[in-house]
Structure formats: C-alpha cells, structure tokens
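Use these hints to put chain V onto chain B, whose structure you have.
For reference, the chains in residue letters:
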Amino acid sequence: DGGITQSPKYLFRKEGQNVTLSCEQNLNHDAMYWYRQDPGQGLRLIYYSQIVNDFQKGDIAEGYSVSREKKESFPLTVTSAQKNPTAFYLCASSIEPRGTEAFFGQGTRLTVV
Amino acid sequence: AQKVTQAQTEISVVEKEDVTLDCVYETRDTTYYLFWYKQPPSGELVFLIRRNSFDEQNEISGRYSWNFQKSTSSFNFTITASQVVDSAVYFCALSPLLSNDYKLSFGAGTTVTVRA
Numbered sequence: 001d002g003g004i005t006q007s008p009k010y011l012f013r014k015e016g017q018n019v020t021l022s023c024e025q026n027l028n029h030d031a032m033y034w035y036r037q038d039p040g041q042g043l044r045l046i047y048y049s050q051i052v053n054d055f056q057k058g059d060i061a062e063g064y065s066v067s068r069e070k071k072e073s074f075p076l077t078v079t080s081a082q083k084n085p086t087a088f089y090l091c092a093s094s095i096e097p098r099g100t101e102a103f104f105g106q107g108t109r110l111t112v113v
Numbered sequence: 001a002q003k004v005t006q007a008q009t010e011i012s013v014v015e016k017e018d019v020t021l022d023c024v025y026e027t028r029d030t031t032y033y034l035f036w037y038k039q040p041p042s043g044e045l046v047f048l049i050r051r052n053s054f055d056e057q058n059e060i061s062g063r064y065s066w067n068f069q070k071s072t073s074s075f076n077f078t079i080t081a082s083q084v085v086d087s088a089v090y091f092c093a094l095s096p097l098l099s100n101d102y103k104l105s106f107g108a109g110t111t112v113t114v115r116a
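Here the protein sequences line up with chains B and V, keeping their order. Counting with the numbering used here, you get residues 1 to 113 for the letters of the first sequence. Counting with the numbering used here, you get residues 1 to 116 for the letters of the second sequence.
These are calculated hints, taken from the structure and not from any lab test. Keep in mind the model is a prediction, meaning the values are calculated, not measured. In this text, a Cβ means the ideal position worked out from N, Cα and C, and glycines have one as well.
DSS-like cross-link-like pairs, simulated, lysine-lysine; straight-line CA separation at most 27 Å: (1) V:Lys38 / B:Lys57; (2) B:Lys70 / V:Lys103; (3) V:Lys103 / B:Lys57; (4) V:Lys103 / B:Lys9; (5) V:Lys38 / B:Lys9; (6) V:Lys3 / B:Lys83; (7) B:Lys57 / B:Lys9; (8) B:Lys70 / B:Lys9; (9) B:Lys57 / B:Lys71; (10) B:Lys57 / B:Lys70; (11) B:Lys71 / V:Lys103.
Some chain B residues flagged as far from chain V (calculated, every beta-carbon gap over 12 Å): (12) Arg13; (13) Thr20; (14) Asn26; (15) Glu69; (16) Lys71; (17) Thr77; (18) Thr79; (19) Ser80; (20) Lys83; (21) Val112.
Bound-form chain B, shown alone:
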C-alpha cells in the first residue's frame, strides 16, 4: 500500500532535549511538508521541500530543523530552542509542490514535560 508513514504516533520528551520525528513516503512524490497543529489554530507550515537536498522555511520554522537526503524521507527535528514544542505534527507529500493535493500521514503527538 502506498502512503505516508509517521512514527511514532505518540512521543514524550523531557524539556531541553532534541527529538526527531520520522516521515517516510512511498508515493514517489517530489514535495514533502511538515505542519504543526494546535487547537483552534489550524495547520501551520514548518518546513517544506520541493526536491531532494532542498528545503525552505515555512511560517514557523524557528526551533525546528529538517533534512531531505532521500526522496522518500523528510525527518523533522524539534530542538530545545523551540519554546512550546508540545503539539500534533503532521507530515504530508504531493506529486508536485504547486497546486496538487497533499496526502497526509497519521501524525505524531509530541508532549514535552
């Protein structure tokens, strides 16, 4: 089955620790995205990538980092510089970066204690 896999589904970390969220897709999509969802605020774009070895900051990139070394993988690291990291994180991909529908993973709920 083709799709997007995010792991883990639930993640707990202590304050001050970096944590990496995994996102893998087997849809052969060029574009990949990371969104953060907080209650009542919709989805906010963290980073996006049009193609391998290329990525751009979204609206709320501070405190996050990404890499795109392989077409199918787009991991997100939440660093200790992120002031309020507890949130629901969604990864998505699309065939092309412009105008095509995005397909989403099931999300990772990160709780920092």
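For chain V alone, kept in the frame of chain B given last:
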C-alpha cells in the same frame, strides 16, 4: 501572501440536517487552487476536493457539494443529509500556482458534530 479564513469554529447539527461550511480566502495570485480536507478523530487529513481558480462550476459528489464564487473569494462546502460519520474537523486550503510563495495554506478549521 495568502490567507484562508474559516469563521465558523464549531457547528453542531442533528443527523439528516444539512450543514454548510464557509471558507473565504485572500491571495494576490490570479491562478490558484483551493482544497477541502476532512480530519476525523484519528487525526489523518483526508483530501476531499481540489478546484482551480478558472473553474467556477459548482461540484457535487454524493452528499457533498461545493460552491466556488470568485467574485466573493469564497469556496463553501455543504454536507447534505448529514450523518454521524461526518463528524470531523474540516479544513479549507489555498495554494497559489504561479507565485514564489506557493505553499499550501490552511484555514483554522471548522469542527462539525453530527448528533444522532
């Protein structure tokens, strides 16, 4: 820059009632795509529809219908004869096609609760 506004935070209806979700957008681009997504309690967003800015025909898919009015920058979504399974958060989104700022931008979402 673009913006998507979903003014309705929550809507609660009784099963079989119709429900209309409003979406108003802002963009400087003349060419763009609009989307609707459904987020059930499981969390994964499900794509419902994509519409480009040149196609103002309304669309119907089963109990779902969409009304795109470019003159008022609106792309509203109606669920006819709602069912409990329609309970979810619904998001409207916009993606400019030609601008350098082409990212997919979402509204805040509308939570729909359908009561049996």
